[in-house]
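Novice: All chains should be modelled from the sequences, with the hints used to inform the complete structure.
Chains as they are written, first to last, in my numbering: chain R, 547 to 1052; chain A, 1351 to 1705.
Just so you know, the hints here were simulated from the structure itself, not pulled from any lab data.
Since we're looking at a predicted model, the values are computed, not measured.
Where hints are given, some of them may not hold.
What the hints assert, rightly or not - Covered by chain A, per the in silico footprint, the following chain R stretches (three or more residues, Cβ under 8 Å):
1. 868-881
2. 888-895
3. 906-914
4. 917-930
From the three backbone atoms N, C-alpha and C, an ideal C-beta is built for every residue, glycine too.
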Amino acid sequence: MIKVDHESSLLDVRGVTKAFAGVRALRGVDLTVRAGEVHCILGQNGAGKSTLIKTLAGVHRPDDGEIRWGGELVEIADPDAGLALGIATMYQELDVVDGLSIAENIFLGHELARAGFTRRSEAAARTRDLLTRLGHGSLSPNLEVGQLSAANKQIVAMARALSHDVKLIIMDEPSAVLDAHEVQNLFGVVRELTAAGIAVVYITHRLEEIRQIGDRITVLKDGRTTATGLPVAGTSTAELIHLMTGREVANVFPAPAPLPDDAPVVLDVDGLSLRGVFGDVSFRVRAGEVVGLAGLVGSGRSEILETVYGARRATSGSVSVSGRPLRRGSVVDAVSAGVGLSPEERKSQGLVLDESIAMNVTLPSIPEFARGGFVDFRAERAAARAQIDALELRPADPDRPARTLSGGNQQKILLARWLVHGTRVLLLDEPTRGVDVGARAEIYALIRRLAAEGNAVVVVSSEIEEVIGLSDTVLVVAEGRILSTLPSSQIDEHGVLDLVMKGTAA
Amino acid sequence: MSEQTTTGADTPLTPTEPPATTSTLAADATPMWRRILSGSVGRNLGLVLALLVLVIVGAATAPDTFLGLSNIMVILRQASIVGVISIGMTLVIIAGGIDLSVGSVLGLASVVGALAAVQDLADQTHWIVMVVVAMAVGVFAGLVNGIVIAYGNVVAFMATLAMLVGARGLAEILADRRTLQVGGQRDFITFMNLDILGVDMLIWIFLVVAVLGWVLLNRTTFGRRTVAIGGNREAARLAGINVKRHVLYLYALSGLCAGIAGVMILGRTTAGTSVNGQLYELDAIAAVVVGGTLLIGGRGTITGTVLGVLIFQTLTNVFIQNNLTSSVQAVAKGVIIVVAVLLQQRFARPSGRSS
Chain R
547 MIKVDHESSL LDVRGVTKAF AGVRALRGVD LTVRAGEVHC ILGQNGAGKS TLIKTLAGVH
607 RPDDGEIRWG GELVEIADPD AGLALGIATM YQELDVVDGL SIAENIFLGH ELARAGFTRR
667 SEAAARTRDL LTRLGHGSLS PNLEVGQLSA ANKQIVAMAR ALSHDVKLII MDEPSAVLDA
727 HEVQNLFGVV RELTAAGIAV VYITHRLEEI RQIGDRITVL KDGRTTATGL PVAGTSTAEL
787 IHLMTGREVA NVFPAPAPLP DDAPVVLDVD GLSLRGVFGD VSFRVRAGEV VGLAGLVGSG
847 RSEILETVYG ARRATSGSVS VSGRPLRRGS VVDAVSAGVG LSPEERKSQG LVLDESIAMN
907 VTLPSIPEFA RGGFVDFRAE RAAARAQIDA LELRPADPDR PARTLSGGNQ QKILLARWLV
967 HGTRVLLLDE PTRGVDVGAR AEIYALIRRL AAEGNAVVVV SSEIEEVIGL SDTVLVVAEG
1027 RILSTLPSSQ IDEHGVLDLV MKGTAA
Chain A
1351 MSEQTTTGAD TPLTPTEPPA TTSTLAADAT PMWRRILSGS VGRNLGLVLA LLVLVIVGAA
1411 TAPDTFLGLS NIMVILRQAS IVGVISIGMT LVIIAGGIDL SVGSVLGLAS VVGALAAVQD
1471 LADQTHWIVM VVVAMAVGVF AGLVNGIVIA YGNVVAFMAT LAMLVGARGL AEILADRRTL
1531 QVGGQRDFIT FMNLDILGVD MLIWIFLVVA VLGWVLLNRT TFGRRTVAIG GNREAARLAG
1591 INVKRHVLYL YALSGLCAGI AGVMILGRTT AGTSVNGQLY ELDAIAAVVV GGTLLIGGRG
1651 TITGTVLGVL IFQTLTNVFI QNNLTSSVQA VAKGVIIVVA VLLQQRFARP SGRSS
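Specialist: Quick look at the structure:
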């Protein structure tokens, strides 16, 4: 569909696929980058942007497809090979070493040395050149990187990229950590790079930035290229949003039970703030209601959930459950009031992976299965078994270590945990992350059932469609603020993205 | 992403597997011998084998003395004091911590206990006061450790290192470079040297502490939470467990064990001195680790620790029987520790633990 001009293209990616343990992250990506252009890659969370750039950087190897560099078929076996070709990557989580100086960071891994002794003055001189080229000649090469601002760390990362003989720099959401002024500086640097013939692949979810800096756009959705080489001028925002979201997934969301008008408010969040992260968040959830927080990564949605739960200590505001105010920053208090959290990172925050299903299910409720401090193993296993049957957890073996279960079944453990404990408020952060499509429908049904049983449920998900499909009420969150509160029937994916992009525009 | 990869590697089950399977089917991907070796029973079996080898070596090299009942009692008696502190250490390490201060706290407890016994009023006070004082010193030191670690967010290694130095110094100040004799407390000395069913009091104490430690770890909510905190501290916290308070209790418990060990050393040597228990913390940690407890926490057994203590003590005994120097012993100990940890890494975990 898109004509490829091998002559002028610097990088040419055709039909690249990549799967991790059976989960297909890339299902066929096409991308053509020309020398000296700013090529923007647009896509929702989970669209495959990070996997794609890691594949180009040599961190991942593609399962299938071909990568051409200057017309030649290449294999980028490892990050060194990527650098050797002239591809440098600036990751979102800035990979600089805080304890080293700017010069040491820039030449890390390819130190200027003679007989093992570093040539400090030469490194400093070349660092100064690079910094000057980036318009930051005032930074001293000997400054410790840990003392720099995020924006300056980015300059260091960019100088490091330039210290290699690069032809292509990949920038993964470079503006995420910058304020408006710093973003303009960044754009200035990007323009100078492209003027020198260097191509920049720029990843972002801010449409405004694309308008300012981009030449052409490639849109990814669900691991596939939905459009590539679109000119920035002449492509409407509506068109881009449609390309990002227009999927044809069968409706797997269970119909919500109508909420009785007299359903009592169970969770009442009032003016909750966490300094520097989010502010003045207020919402109420009634028994039987599912409230969804929609927003992008970094919008503060997970932090809101964790603060409601007491895992982070709010700087102001209050949370109460059925009228009882919770102690700030106390998970113990929240749990005893009947609040349960299924955390974002199931493995690192939710499960004791090497322990059994039974132990993970009863973790918050052990005292209920004990007499005088002694655990009644029979009662514990019976409770775990009951949940295994009720939630169709597989394998149906309470002694199986949690590590060996699939994502969907691990998620069921976390839900079972709070079912056993007996909750009134359930906070679910990314309940279907890493869960395959079939198991998702089960999780959705389960969440709806929990609500129908009288729980107040709050769901956070990167997948806007999921938030809307699952919730009765949708709160749109951007940059730590609630932008709107609407019944889920009155908003769609376009609407949410529209709000979010306007809200986050720098 | 890498996490997904690793999980996939050791996940023989896929969601498409027919439902209602029974437990044994899915684990067949790992060979039977490997599963047995990686289970706690299997690892303890390895320790029993190691102990047996030592016993055979001992019996072969010193046939007249080694297997005699009296020599076995010597081994057990010598193992008992380090053994008691190793029990507390096991719980601390399972929860992901470390307690370097136990040797010093033992010394401090012995000094303070002895001071309580040699006061002017000692004649009128019952010896049990001395015992309670020594144990209270241990608990107090443990509480200080626990508060600094749990609520001050100081790394356990540093906090207990500070206690190691500080408690030893305090013991020196209090003892004023004297050896405090408690031999005057005849009832105490008699009690500590009682022989019940042919077994020394010190060994009984070790046995009782070990059994209590085992019950605490394997049968109580406290033990369950200890394992959970060591296995995934954040998950434990988010499950509503009061992690800080629990950690505090654990260090207090380790201090209590050190206090008990201080009483035992008073009973054995009849003297409280500030040098009591020097380097015991290292013997205890070595025994715990050789016994199969992971230093990163989350996994460990009391039985393994007891076997670890016995292995080291038997080794010492075999070497003494053969007139080998303590320097040679030290080298052998070092080798054993490395080999044990290497074996642990090979077998202790199913493959693919994400860091």
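Novice: Against this structure, judge whether each hint is valid.
Specialist: Hints, one by one, checked against the model:
1. 868-881: The restraint on the region 868-881 of chain R holds, since 4 of its residues have a Cβ under 8 Å from chain A and three suffice.
2. 888-895: holds (count 4)
3. 906-914: n = 4 at 8 Å, threshold three: holds.
4. 917-930: holds (count 3)
Violated hints are absent here; each numbered hint is respected by the structure.
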